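Input sequences plus hints: build the corresponding full structure.
Residue numbers (numbering that gives the first Met the number 0): 0 to 83.
By construction, these hints were calculated from the structure, which means they are not laboratory data.
All values reported here derive from a predicted model rather than from experimental measurement.
It is possible that some hints are incorrect.
Computed Cβ-Cβ distance ranges for the label pairs, DEER-style [claimed, not checked]:
no.	residue 1	residue 2	range
1	76	31	14 to 22 Å
2	25	45	17 to 25 Å
3	56	31	33 to 41 Å
4	31	4	15 to 23 Å
Within a straight-line C-alpha distance of at most 27 Å, the following computed DSS-like cross-link-like pairs (lysine-lysine) qualify [to be verified]:
no.	residue 1	residue 2
5	45	4
6	8	50
7	48	4
8	48	8
9	8	45
10	4	50
A virtual CB, placed ideally from N, CA and C, is assigned to each residue, including glycine.
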Amino acid sequence: MRERKGLIKEIQEISFALVELNLFLDNHPTDTRALADFRRLSRELKNAKEKYESQYGPLLNFGYGENQSTTYWQWVDEPWPWEM
0 MRERKGLIKE IQEISFALVE LNLFLDNHPT DTRALADFRR LSRELKNAKE
50 KYESQYGPLL NFGYGENQST TYWQWVDEPW PWEM
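Have a look at this one:
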C-alpha cells in the first residue's frame, strides 16, 4: 500500500507542476527552459501513470486508460479515491 500511495503522490506532484508550467507558458510562450521542463514532466507523468496502471489497474474510468479488460469493467475492482 505504501508504494501505491507513493505512486499516486508522484502523479499528483507532477500533474501540479504541469498545470503551473501550462499557466506560465500561456504568458511566456517562447521560454525554452519552461518548454523543455513541460516536455520532460509530460514524459514523467506518462511513465508514472503507466507504471501505476500496470500494477494497480486504471486511474480513470474513461480516457486514455489502455489497460482495460475486454471481458469486464476493471474500474470497480479497486478502492475509490476516498477509500485510500
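These are the hints, each one checked on the structure:
no., hint, in the structure
1, 76 - 31: 14 to 22 Å, "43 Å, violated"
2, 25 - 45: 17 to 25 Å, "22 Å, holds"
3, 56 - 31: 33 to 41 Å, "38 Å, holds"
4, 31 - 4: 15 to 23 Å, "35 Å, violated"
5, 45 - 4, "17 Å, holds"
6, 8 - 50, "13 Å, holds"
7, 48 - 4, "13 Å, holds"
8, 48 - 8, "11 Å, holds"
9, 8 - 45, "14 Å, holds"
10, 4 - 50, "13 Å, holds"
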